[in-house]
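Read off the chains here:
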Amino acid sequence: MHELSIVASIVDSVTETLAEYPGARVKEVRLRVGALASVIEDSLQFCYEIATKDTPLEGSSLVVKVLPVHMHCEKCAKDVEIASLQSFRCPHCGEAVTDMRQGRELEIDSIEIDEVEEKV
Amino acid sequence: MTTRIVQLRQGILKKNDELARDLRGRFEAAGVLVLNLVSSPGTGKTEFLQRTLRELKDSGASAAALVGDLETDNDARRLAASGVPVRQINTHGICHLEAEMISKHLGGWSLGELDYLFIENVGNLVCPSGYDLGEKIRVALLSVTEGEDKPLKYPTLYNSADVAVITKIDIAEAVGFDRESALKNIREIRPGIRIFETSAKTGVGMAEWLAYLAQARPAR
Chain A
0 MHELSIVASI VDSVTETLAE YPGARVKEVR LRVGALASVI EDSLQFCYEI
50 ATKDTPLEGS SLVVKVLPVH MHCEKCAKDV EIASLQSFRC PHCGEAVTDM
100 RQGRELEIDS IEIDEVEEKV
Chain B
0 MTTRIVQLRQ GILKKNDELA RDLRGRFEAA GVLVLNLVSS PGTGKTEFLQ
50 RTLRELKDSG ASAAALVGDL ETDNDARRLA ASGVPVRQIN THGICHLEAE
100 MISKHLGGWS LGELDYLFIE NVGNLVCPSG YDLGEKIRVA LLSVTEGEDK
150 PLKYPTLYNS ADVAVITKID IAEAVGFDRE SALKNIREIR PGIRIFETSA
200 KTGVGMAEWL AYLAQARPAR
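Protein sequences, first through last, are from chains A and B. If you count by numbering that gives the first Met the number 0, then the first sequence holds residues 0 to 119, one letter each, in order. If you count by numbering that gives the first Met the number 0, then the second sequence holds residues 0 to 219, one letter each, in order.
Bound conformation, chain B alone (with noise of 0.2 Å):
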């Protein structure tokens, strides 16, 4: 018997990596715009994509969504009253969507036709910042009603984040939502992030919220 050591050096999530490349290479070509949302369960992901999506629809822009749930397609049906194209996405336990979840979902879809793909990930603030779905944005979303601490306990995600969006703020006053201590902690987190305080319900801050989208998506 000898003993060796052998070195491997090699990136667990490879293969997700690897697809995650292809799909942004493949988005990047459409033209199209891909956005991962991610945020603990309750934050209001989907109220605030729907939203999203009837706005987009309204000015003419074409968009689309993926929706990532362990069981259900709850979310699916209710984003689908936007009535933008949907997919629901069930991944039966596992806590996270994975790029090939992603890849197997667009058959059939002209992504060239897009201008906007939302990716609505599992709501879960752990397991999703490890993996790459091929989005050009990572938008993490905080509500006033989860503690201005998050960003805080859980700044693997936050720290991965492109930009962060507040939702439920029509109910901060009442709630009693420290937004000084939110927005420091956000920030602390991620130095310079651009954040966007909304309400899906009262349409505040949407505006700028489309603002942005409509400067983020490449030109055509």
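Isolated chain A, as found in the complex (with noise of 0.2 Å):
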């Protein structure tokens, strides 16, 4: 359970890039996480709601897209996704592979704000 440190980062984060934006509310935050990236959704999505309380982020929704894990298969000379977390193998040509492309990640990937118009 290290969600909480995680979404307590987010926070941050994107209060930070808020400073740019003066007044604006944040209506989502968009997450990409890989599918070994060791997070729980239901943990991100419960903690999202305690933290963000009293913040700039409150009310808003934070949507996760989970990335799939891609392997570089070297038998097939071209990146593929595994079939399970369970076997690390070329789904094509079984061969096992260990070089990780995709699967670890864990961003915040944009933020979708209200802005207020600028009074002329």
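Hints were generated in silico from the structure; no laboratory data involved. Since the structure is predicted, the reported quantities are computational estimates derived from the model, not experimental observations. No residue lacks a Cβ here, since even glycine has one placed at the ideal position from N, Cα and C. Worth double-checking, as some hints may not be accurate.
Each pair of labels, with its calculated beta carbon distance range [as the list claims (entries may be wrong)]: (1) Gly30/B with Glu48/A: 43 to 51 Å; (2) Ser60/A with Asp21/B: 31 to 39 Å; (3) Ala206/B with Ser42/A: 37 to 45 Å; (4) Lys56/B with Thr97/A: 31 to 39 Å; (5) Tyr211/B with Ser83/A: 27 to 35 Å; (6) Gly24/B with Asp98/A: 36 to 44 Å; (7) Gly24/B with Cys75/A: 33 to 41 Å; (8) Lys77/A with Pro84/B: 46 to 54 Å; (9) Ser60/A with Ala206/B: 51 to 59 Å; (10) Asp169/B with Ala18/A: 53 to 61 Å; (11) Ala215/B with Glu27/A: 40 to 48 Å; (12) Ser60/A with Glu17/B: 27 to 35 Å; (13) Asp113/A with Arg20/B: 33 to 41 Å; (14) Ser60/A with Thr1/B: 17 to 25 Å.
The task is to assemble the complex, starting from two chains supplied on their own in separate frames and drawing on the hints.
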């Protein structure tokens, strides 16, 4: 359960970004999370509600996009998506694969905000 | 009101990753081999490490250890019995070690005089895998009492390991440990990984482990 500290980092980063958009309200925070990133979406959502209270992120929603694990298969000479996390083998040729190209990401992709119109 | 999408594309653990990169640079410059030991609670990390430290000391190598636990300094006291410098890191509820905790606990040690620094992580098979501590080698341990399918249940951690150590091999028979299936499962998650089968109690497998450490150490 380290999701609370992860959510706290998200709140910090988004708050920092918001400094450039005074008065803006956050509607949505979008994450990219690899299937091997060792975070659980339900826990993230649960912590998000608590950790965003009394911050500019309060009331916004958290959208998590899970990225499947992509490994490079030397034999097939291309990146492949493994069929399950219980077997690191190329789904096409069965070769063991060790070179990970995607799957451990833990990133804030973007945020959606409502900006206050500037008065002319 | 206008709606705007702001791209961030920012790693959430960026601060930890940057600090870990700095630490790795410091460790490499000092010529110390740093290992991060991860497993579930009760695998026998402390016992295994205690024997490792004692044997390294006897062989004339210089080693130190940082040990992470939520509370108590029991493990540090156990490890200190091996006669090498040991420091306890209490995380007070945090389920893993972070690079900043490592950095804070290195004060006063001259890394250049160390051959090995072992970091015993908090017993947890999920959270430590996401946190780089600047180590060169991540060691995942599995005891014969835990069930051969544990690597399949926790691929996140076992896939991030550089070497695997099976502990308590002396009681393998008594607990009906299926060796073949355990080795197969570890390799299914981390193909090609080097696996050591050890007992800190009887010393089985320790010679191979120590030979590996000596060879992995940067040349001086």
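* Asked: Between Gly24/B and Cys75/A, does the C-beta distance stay in 33 to 41 Å?
  -> 36 Å, holds
* Asked: Honestly, do Asp113/A and Arg20/B meet the 33 to 41 Å range at C-beta?
  -> Given a distance of about 37 Å, which is inside 33 to 41 Å, the answer is holds.
* To do: Return holds or violated for the Cβ distance of Tyr211/B and Ser83/A against the range 27 to 35 Å.
  => 31 Å, holds
* Asked: Per the hint of 46 to 54 Å, is the separation of the Cβ atoms of Lys77/A and Pro84/B within bounds?
  -> Given range 46 to 54 Å: holds, Cβ gap about 49 Å.
* To do: Take a look at whether the Cβ-Cβ distance between Lys56/B and Thr97/A falls inside 31 to 39 Å.
  => 34 Å, holds
* Asked: Falls inside 27 to 35 Å, the C-beta gap from Ser60/A to Glu17/B?
  -> Holds, since Ser60/A and Glu17/B (Cβ atoms, about 29 Å apart) stay within the stated range.
* To do: Determine whether the Cβ-Cβ distance between Gly24/B and Asp98/A falls within the hinted range of 36 to 44 Å.
  => 24 Å, violated
* Cβ separation of Ser60/A and Ala206/B, checked against the hinted range 51 to 59 Å -> Taking Cβ atoms as reference, Ser60/A and Ala206/B lie about 56 Å apart, which means the hint holds.
* To do: For Gly30/B and Glu48/A, compare the CB-CB distance with the range 43 to 51 Å and indicate the outcome.
  => Check passed, 48 Å falls within 43 to 51 Å.
* To do: Given the range 53 to 61 Å, decide if the beta-carbon distance of Asp169/B to Ala18/A lies inside it.
  => Given about 59 Å between the Cβ atoms, the range holds.
* Asked: Taking the beta carbons of Ser60/A and Thr1/B, is their distance inside 17 to 25 Å?
  -> 19 Å, holds
* Regarding Ala206/B and Ser42/A, is the given constraint of 37 to 45 Å on their beta-carbon distance met? -> With a Cβ separation near 43 Å, Ala206/B and Ser42/A satisfy 37 to 45 Å, so the hint holds.
Checked against the numbered hints above, the structure violates only hint 6.
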